[in-house]
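Chains as they are written, first to last, in my numbering: chain A, 1 to 51; chain B, 1 to 387.
Heads up, none of these hints are tricks.
No farther apart than 27 Å at their CA atoms in a straight line, the calculated lysine-lysine pairs in the DSSO-like style are these:
#1 342/B <-> 104/B
#2 378/B <-> 47/B
#3 28/A <-> 8/B
#4 70/B <-> 204/B
#5 27/A <-> 8/B
#6 33/B <-> 293/B
The hints are simulated quantities; they were obtained by calculation from the structure and are not laboratory data. Bear in mind that the values here come from a model prediction, so they are computed numbers and not experimental data.
The lines below spell out each chain.
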Amino acid sequence: MSIVMILYYVMTAYLVAMLLWNFVREKKSVDDMILYLIILIPLVLRLFRVK
Amino acid sequence: MSRLWAIKIVLLVIFAAVIVHSGIQLFEHRHHKLPIVAGPGVTKVIKLSEYCAGLKGTVADTDVFILEGKEKGGKILFMANTHSNEPASLLTAIIFIENAIVAKGTLIIIPQFNHSGSRNTRPGDGYPLYFHIQTEWGQKTFRMGNRDASPLDQWPDPDVYIHYPERQLLSFIDVRNTNRTWPGRADGPLMEKVTFAAMELLRKEKVDLALDVHGAETMFPVTNCIVAPEQSVRIATMAALTVKAMEGFDNHVEPSPQGFRGLSHREIGDYSDTLPFLLEAPIPFLDQPTGPKTEKLLLDGKDPFLLRLAGQKKLFVPYDESGWPMEKRVGQHCSVIQEIVKQYSRKNPDGTIFIQNVPRYADVVKNGVVHYYHDPAKSDADRIYLH
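Looking at chain B on its own, in the form it has when it is part of the complex (with noise of 0.2 Å):
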C-alpha cells in the first residue's frame, strides 16, 4: 500500500469516527421520549392535525391536552415551547398538565407547539443536548430544543422570509420560528401549518385567551414581562400590578407593536376573536456575553459576566449573585397565567374560567419545579404521553 492511501485510509477511519459519534448523539436526541402524566383534570388529548390535515404524520403535529370543567365557562389555550430552548415554559406547562383541575371553563394545553424546534438542537453555540432535573423518584431527562424548528422537517429556507398574508420581508431563517409564521396557512411551509392549526383551534373552539410562554435574554428590553395588542392590555395590566402587590415580582406589560407581523400577540388578536399575552421571564442562558452554555447556567442562572453587566447597570432585570433559577421563572409563568385568568374572569362571569390544584410563584420557589411532577412509572400506562 502506498503512503498516500495510507494516509487516506487513517483520514477516513476520523472522519467515520466523528460521523458515527456525533451522529448517535444527534439522532438519539431527536428520538428521545419525553414522558407527560395526564393528570386527574385532563379530559381529553387530541392531535393538533384535527385542525389542519396537512399535519398528519409529520414531526410537527403534536398532543393537544384538555381540560374540561364540569361547569361550561370561558376557554383559554397555553401554548408552551413555541421557542424550544426556552423551556421554562414547558416546565410550567407540565406542571398545570400533571396537576390542574378545571371546576369552570376548558383549559387548553400544548407542551410542545414547535415539536420539530424541540427535536432540533444548537451544537454551533454549544447548547447542551439535554437538561437533567432530579427528583425524588429519579432523574428527568428533558431535550434542550432550539428555537426554530429542524431543517429536516422543513428544507430549504427562502432568502427572505415573505410573511403570509401581510408580505412584510423577515429574516429566512423565521420561516421556521412558530412566532414568525401566524396567522399561518394550510398550504404553506410546514410551520405555517402548525400556526395556521392552532388558529383554526382558537376559532372553532371559541377560545377567550391565548397564552404563549416564552423566556428572554436579561440585556433584551422585551422580557420579564407581559407582551399584549390593545384589547388585550387592560387584563394584562390588571395581572401585572396584581402579582407584583400580591407576590412581589415584577412583570410589566409591553404592547403589542402593530408593524411587527408573525407574532402570536399581534396576529392572534388581528385574526380570531381571542385576546392573546405572551409571557416572557428572564433566562440568562440565552445572553450573549456568558460564560460556557452549560446546564447548570440554564437551570441556575448564575452568570459572572452577566452579574459584572449588572453592576453597569446593562440589565434589563434585577440580577444578583443569586441569579434567576428555573424555579423563579417557572413560579411566576405559573402565577401570572393564573392570574390573567382571575383577572378576565372577573370582567367576563359569563367566561368564568376556574382553576384548581396549581402552585403560585411562592409555593414553586420553596418546594422547586419537580416537586409537582408525577412518577411516570407509579402512573396508568394510558395516561402517560410520550414527547
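Extracted from the complex, chain A is given alone in its bound form (with noise of 0.2 Å):
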C-alpha cells in the first residue's frame, strides 16, 4: 500500500470519527442525524476494506 493510499485512510477514518461526533451531539434534528449516517455508509465500507 503506497503512502498516498494510507494517508487517504487516515483521513476517511479522520471524516467517520467526526461525522460519528456530530451525529452524537446532535440534538433536535432527526433529519440530520439520518443524513450523518447515510454519509458514513461508504466510509466505513472504505475503511473496513469492503467497497
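Using the hints, put the two chains back together into the complex; each one sits in its own frame.
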C-alpha cells in the first residue's frame, strides 16, 4: 500500500470520527442524524476494505 | 432513556444492519473463487508478476496459462477480462484453457487480465454481483466484475489521468482501466504495472500476436468488430471476410486511432513487434437505455427498449427478438480468434500456430458455452486454478 493510499485511509478514519461525533452531539434534527449515518456508509465500507 | 437517545439507538441499529447486510455480500463477492480447470493442452501456469516484480503479492497479479505445442512455431497472447463487465471474453478464455491442444506454436492465455476489476462491482448501476450458468454437472457461478480495478487496490484516483509516456489527458477513472494504461511502467500505478508486465511478456517471449477480447454496447459504433492498427489490418480484414463468408456472421474491421493513447490495439503495436487486435462482440447489457440490469439480460441480451430502437435504426448491429445471447458472442470470439491465427499462419509459414479442439461459432451456438467446460469435481486437484 502506497503512502498516499495510507494517508487517504487516515483521512477517511478522521471523517468517520467527525461524522460520528456530530451524530452523537446532534440534539434536535432527526433528519441530520439520518444524513450523518447515510454519509457514513461508504466511508465505513472503505475503511473496512469492503467496498 | 431520553426519547432522543432512543431515536439514535434505533438509527444506529438500522445503520449497522445496512452495513453488515451489504458488507457481507460485497466481501463474499470480492473473495469468491472461480475454478478453472487446466485442460490437456496447458503445459505451464505462471504468474504475471514474473514480468513485473511490483505486481507480486498484489490483487492485480494473475495467472498466465501457457499451452506449448510439440513443434515450435509462432506465439499468441489472448487476454480476457481486461474489462470484467464484458464476460464473454472470460467464457471464451475458459473454453480455450480447458480444451485447446496446441500442435504447433505457443498459446498464452490470461483469463483475468484485470484481476482487481473482476473483484470490483457496480451496485450503483444495479449490476448483479454474480451470474450463473447451468451445466450438466451443476451450476457454475461467475463474479460479475467492473470495467475498472477496485479502488481497494489502487486509490486515490487523480483529478485527470496523464497517460504515460504520451502525456495525453484522459478521464480520471482511466487510471484504473487496463485498456487505457498501456504500455505502462514498472513504477507507475498498479494498473500501469499490469500492462507493463504484459508488454514485458510480449517483448521477452517474442510474441507474434496479441488479442485483447472485449464486448461493446449495441449503440456504440465500435462494436461487433476487430480493432486493428495499420500493421494488423490486413490479417484482420482477411479474418473478417472469411468468417462472414464461411460462418455467416458480421465482424467488420475498425482502424485503431493514432491519436487516442493507452489502448492495447495502439500501444502494443507502437511499443513492441507484436501485432495487436482487439475483438468486440455486442453486449446489450451495457447499453444505457435498457430495462433492469439483470442476469437474464446479461446472458440472453434480450431487451424490449433496444428492440424498439433497432426498429428506428439506432443500433450498430442487427437486433431482433432473439437478442444477443452469450452463445453467439462467445462463438464469434472463438471463430474470430482461430481465424486470425489461421490468417497469420498462412502469411508466416515459419511462425505457424496450429490450435486444435476449440469449437467454432456454429458449435458454440448449437451446444452452448458450458458444454465445453470441465467439472472441477472430476478433475485432478493440481489442475484446478481458483480465480
